[in-house]
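2 protein chains.
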Amino acid sequence: MFPFRVINQETTEEVLDMASVIEVVEQAYQMKSDQQATLFPLIFHEFVEGRADMDIKSGHLPAADVFGLKLVSWFGDNAEKGLPQLVGTVMVLDSQTGVPLGILSGEHITCMRTGAAGGIGAKYLARPESENLLIVGTGHQAPFQIMATLMTMENIKRVYICHPKSAEKAQSFTAKIKDKLLTKFVSKYTGDEYECYASRCDVEFIAVENIEDAVRQADIIITATPSRAPMIQKEWVKPGTHITCIGADMEGKQEIDERLFATGRVFVDDVGQAVRVGETEVPIKKGVITEADIEAEIGNVILGRATGRKTAEEITIFDSTGIAIQDLLTATHILKAADKRGVGTIVDL
Amino acid sequence: MFPFRVINQETTEEVLDMASVIEVVEQAYQMKSDQQATLFPLIFHEFVEGRADMDIKSGHLPAADVFGLKLVSWFGDNAEKGLPQLVGTVMVLDSQTGVPLGILSGEHITCMRTGAAGGIGAKYLARPESENLLIVGTGHQAPFQIMATLMTMENIKRVYICHPKSAEKAQSFTAKIKDKLLTKFVSKYTGDEYECYASRCDVEFIAVENIEDAVRQADIIITATPSRAPMIQKEWVKPGTHITCIGADMEGKQEIDERLFATGRVFVDDVGQAVRVGETEVPIKKGVITEADIEAEIGNVILGRATGRKTAEEITIFDSTGIAIQDLLTATHILKAADKRGVGTIVDL
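If you're matching them up, the sequences are chains A and B in order.
Numbering-wise (our numbering), the first sequence opens with residue 294 and increments by one.
Numbering-wise (our numbering), the second sequence opens with residue 294 and increments by one.
Some hints could be false.
List of simulated lysine-lysine pairs, DSS-like, C-alpha gap at most 30 Å [stated by the list, open to error]: (1) Lys629(A) / Lys633(B); (2) Lys633(B) / Lys374(A); (3) Lys481(A) / Lys629(A); (4) Lys374(A) / Lys629(B); (5) Lys633(A) / Lys374(B); (6) Lys527(A) / Lys458(A); (7) Lys629(A) / Lys603(A).
If you want the footprint, here are the derived chain A segments under chain B, 3+ residues with CB under 8 Å [to be verified]: (8) 438 to 450; (9) 524 to 532; (10) 545 to 552.
None of these hints come from the bench; they were simulated from the model.
Ideal placement from N, C-alpha and C gives every residue a C-beta, glycine not left out.
The shape of chain A in the complex, shown without the other chains:
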């Protein structure tokens, strides 16, 4: 029997703070690009076509002495049953002994590491002086993207918030976002850190009625929607803009004009996954670019082995598809923190 820690969603929310997750995800990207991470083959199974599926993403992070998996179920009919459609579970094991270390609720881990990815994309690819951030999508992920980007980009003055179909939803989201950021994220910190991140939230939050106008103003654009057709046209994007695409995670999803890939410099988290299921899928399928036109994986930019932004005029794109090692390293971070704090439930397995 082994002591084995079970971490529920509440505890993942208690333990994780965005600044730490940004650090952890940067490490995960570096490990990946430094061949310090192995992704095992993805297992995917559809229970009911288009209505219920599951996948198992697994891998090994030798630098962190862990391996493990994230199992995600998506059951479209769950809402009628009062259950969440998406349920994720992360299991972490010791790669020196094979002993299971813990099992964690995966929802909040996924939200945090996805938000962190947006912040990291801006940190390494946007112009440092960027003032105008545009968030397209007002779903569950939007606050995570906003907070992470406010943390990594110190000169943001305005956050434009756009719902692709409903100005009303954008308004109601905008009315609440500052409070939400302070309560959900900034309240984790004390002292100077608290002051710093609270002041980062002292920006103007502006609900967008016309997406084109907002795009024309934006220095940084983050799209986090389930869109299957481009919402942002190439002609609207001003020189020097950085765009991070979060939404596309399966074939056929698309958020921005594929022609942007011809003029922009393209970065990804994982080439294979970006080409297969990311925002990069459509531009490649339509022949706008080839895989060879991808500049680099973001991990190589962080490691200084690839150059991120070269000029103040170029458009940069970060296709963030989400990779298992982000989850695994974030989960490992939680297990360590939980051990220190004595939270979670320890059971004998």
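Mind docking chain B on chain A? Use the hints.
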């Protein structure tokens, strides 16, 4: 958050009894042969060549409304660290909602379902009047094989016990086996069931010095060793013998003379796995038989769609490689029993 049951090894030992596991594994075999089970692709990763690896076996059992996985780590150097070399964990989820139901220690589950497989092989393929059982191998698995076979074969009078290399080990195992069976397995039952299974243990246990002599006596032979060379020669096996091979679970393992496959009728738990990593691998690679010579999967025999033993003279072989749905259905059985008995630890995930 979901209520989620954690079942440690002690609780799996408390909850499982061999007669029930035999039933469960029969069901698992039937589901498989009835296309009521889907096995997902196996994931295998070697951390250190020949010294540390892990695999993830997963699948869906629609008839039981569950899906899930078993992750098994094997770390050869663990003994030096005072840890078990083999650690297994089973995770079960609801295939109607995708919600995780529980996580279970996998060691005892694996031992029990493997023992049950041996009992089932004899039940469907040995001559009912079989009196002499020979067990080759005195490792951790041997008592499970003996108990399951005593349960399914009511006419056994003698159990010959053979260690392929050490007569001494066979003797010391034999001296303790009856007590072990009564304590470990029979003590689970009360009343008539107790009387029945206790009387089944009233047989002669005989340590074998010469394997050839014992094989020549045996009506049923079960091999459960890590052997990589045949221990049993074709010429020693008398007509009408049934042989179940448990040990071979990876390429290169072999317990019995491959020429037995030419004369015997061959049954397997899973054709693909038997051919790739089971006892059937070597005879096929050496051209003794082809895949088409495999009579049937055992599930089809249980379902009555294939004929098991046809005559009292033929030699039958059951190649039991061990499949994920045996674990998954046994784990599901434990979760249901644990729910009724109120055992295991319920945590919110």
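Right, here's what the structure says about each hint:
1. A C-alpha spacing of about 35 Å is found between Lys629(A) and Lys633(B), which places the hinted pair above 30 Å, so the restraint is violated.
2. Between Lys633(B) and Lys374(A) the CA atoms are separated by roughly 24 Å; this keeps the pair inside 30 Å, and the hint holds.
3. Proposed proximity of Lys481(A) and Lys629(A) is supported: the alpha carbons are some 17 Å apart, at most 30 Å.
4. Distance hint between Lys374(A) and Lys629(B) is fulfilled; the C-alpha atoms sit about 22 Å from each other, no more than 30 Å.
5. Between Lys633(A) and Lys374(B) the alpha-carbon distance is near 24 Å, which keeps this suggested pair within the 30 Å criterion.
6. The hinted pair formed by Lys527(A) and Lys458(A) meets the criterion: a straight-line CA distance of about 19 Å does not exceed 30 Å.
7. Distance check on the hinted pair: Lys629(A) and Lys603(A) sit about 38 Å apart at the alpha-carbon level, beyond 30 Å; violated.
8. Restraint check on the stretch 438 to 450 of chain A versus chain B: 0 residues with Cβ-Cβ distances below 8 Å, three needed, restraint violated.
9. Residues of the stretch 524 to 532 of chain A lying with their CB closer than 8 Å to a CB of chain B number 0, which falls below the three-residue condition for coverage.
10. Interface restraint, the stretch 545 to 552 of chain A with chain B: violated (0 residues with C-beta to C-beta distance below 8 Å; minimum three).
The structure fails to meet hints 1, 7, 8, 9, 10 from the earlier list, while all remaining hints are met.
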